[in-house]
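Here's the letter readout for the chains.
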Amino acid sequence: MTLLSVKDLRVTFDTEAGRVEAVRGVSFSLGRERLGIVGESGSGKTMTGRSVLRLIRPPGRIEATEMVFDGTDLMAASEREMRALRGQRIAMVMQDPKYSLNPVMKVGAQLTEGLRLRDGMSAKAAHGKAIEALEAVQIRGPERVMEAYPHELSGGMGQRVMIAMMLIPNPDLLIADEPTSALDVTVQAEVLSILDGLVRDRGMGLIFISHDLRLVGRFCDRVLVMYKGRVVEELEAKNLMQAEHPYTRGLLNCLPRIGGSRAPLPGLDRAAEWAE
Amino acid sequence: MALIEVENLSVHYGTKGQLVRAVECVSLSVDARESYGLVGESGSGKSTILRAICGLAPITAGQIRIGGQPVPTPRGRAFSRRVQMVFQDPYASLHPRHTLDRTLSEPLAIHGIGGSDARVVRALEDVGLPANFRFRYPHQLSGGQRQRVAIARALMLEPEILLLDEPTSALDASVQAETLNLLNRLRDERGLTFLMVSHDLAVIDHMCDRVLVMQHGRAVEELTRDQLAGAQMTTDYARTLFDASADRMLGA
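These protein sequence lines are chains A and B, in that order.
At position 106 of the first sequence the residue is numbered 106 (the working numbering), and the sequence of numbers has no breaks.
At position 42 of the second sequence the residue is numbered 318 (the working numbering), and the sequence of numbers has no breaks.
No wet-lab data here; the hints were simulated from the structure.
One or more of the hints may lead you astray.
A short list of chain A residues far from chain B (calculated; beta carbon distances all over 12 Å) [claimed, not checked]:
hint : residue
1    : 24
2    : 41
3    : 56
4    : 156
5    : 188
6    : 190
7    : 194
8    : 257
9    : 262
Okay, the calculated beta carbon distance ranges per label pair [stated by the list, open to error]:
hint : chain 1 : residue 1 : chain 2 : residue 2 : range
10   : B       : 485       : A       : 8         : 31 to 37 Å
11   : B       : 341       : A       : 152       : 47 to 53 Å
12   : B       : 511       : A       : 21        : 50 to 56 Å
13   : B       : 418       : A       : 128       : 44 to 50 Å
14   : B       : 308       : A       : 202       : 40 to 46 Å
15   : A       : 241       : B       : 485       : 28 to 34 Å
16   : A       : 249       : B       : 365       : 28 to 34 Å
17   : B       : 511       : A       : 8         : 19 to 25 Å
Note that the Cβ used here is the ideal one computed from N, Cα and C, for glycine as well.
Go ahead and model the full structure; you've got the sequences and the hints to work with.
If you want it as structure tokens, here you go:
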């Protein structure tokens, strides 16, 4: 079943220096699966994720021939309808917990704010639900974390708090923008297994945006490789190592490997025609 | 004799009335022209060791010697001539309102070294940045370019030792490759000694001759490069770390 279908998505910014096309004709569809979007910084992967929520501010413009989420036309939806979708049905986890949590509000207050204002829940019920969400992302001592400020948490904890916050309304689609880049390998593995469990248990769709090709290959079902605003290759994650496009191969080859040679790592030769 | 010797180093802080034991009784020694790695998860104290060496963290117990001499407190100019540090986040470690020219010439002015004009031009060239970047501000550069500036700044005083604190973890894969190649080239050309922190075992393996695995402020195990590649670790924690990096193996 298709949850989200995007056809010919374009994001353009009209700047003083001329038009900048951040995303140029991206099409994909997503079921209840894990879709990875990889590319370097500036490849348009974050913009693609944000477009789905229409979170691009002027002078940025979103154009698409089709962008439908579970029967709702996202291009035609009013701002009011979009607000009803954001968070409730489509949630987004941002990259950096340091900048995405409110630094002067306790974690508990941030987790319950939406429940109390939007769903009109009592303080007690909201508190219980927040604790449940923190337990779902395997935070030990959730009561203590509820009383903490974001700066008192480590990077891994902060990231888990953000994931918990996004999961409270039980969304159908989660867009995770570099959710683990700020984390160590061991914590990274934990956060990934939490996300993995949620996709399986709740039947959620996941768009996983990352620059780490190996990670995406291991974790996702399908991978889109983006370069300069275009999808240069789409492939099954298990076939990632057999990728054919020279850009994907270049990204794979420039990573150092344990036991590999000490010779200079191959750089990435960018051919102009990849962007065509 | 080893160039950097850290002997039974402990670093303790007091915050909110609680004692934090960031580093507990860690010893290591790095020979001249060697490249030595520190790995472990965040909070394992690996960066704190680098910070203690250059005086940004207190030495609670133990001793740090550079070239056989205990480091003075405060570290002083002679120390900065020999030892320089490159920080993790190039967005945070460059002054946002100083041009590259000012950033690079400041260490020369402090140490009373002349000819800064020619030295700045050469420094930019050495790290592969175009000469016309000289009067730009950090916000006009990409992350990889900024890290090149940070490396250039660390090399202005022609030190023997570079302390590298996760120098590529804020960078994309392709930019990481370029930066690692740059560091290796500079090490060859100038005979530098590296003490490098990373949480990526593949990066450590590529860059370092020996590596110390750390956990909770303590040294867990020291491995040579061959032992690491051959998975010949003896402690459980080093094994866990190695297994979590399985996708970074050759042939994976």
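Now the hints, each set against the structure:
no. : hint                      : verdict
1   : 24                        : holds, 20 Å
2   : 41                        : violated, 6 Å
3   : 56                        : holds, 22 Å
4   : 156                       : violated, 8 Å
5   : 188                       : violated, 8 Å
6   : 190                       : violated, 10 Å
7   : 194                       : holds, 15 Å
8   : 257                       : violated, 4 Å
9   : 262                       : violated, 7 Å
10  : B:485 x A:8: 31 to 37 Å   : violated, 52 Å
11  : B:341 x A:152: 47 to 53 Å : violated, 36 Å
12  : B:511 x A:21: 50 to 56 Å  : holds, 52 Å
13  : B:418 x A:128: 44 to 50 Å : holds, 46 Å
14  : B:308 x A:202: 40 to 46 Å : violated, 57 Å
15  : A:241 x B:485: 28 to 34 Å : holds, 29 Å
16  : A:249 x B:365: 28 to 34 Å : holds, 30 Å
17  : B:511 x A:8: 19 to 25 Å   : violated, 54 Å
Hints 2, 4, 5, 6, 8, 9, 10, 11, 14, 17, counting from the list given before, are not met by this structure.
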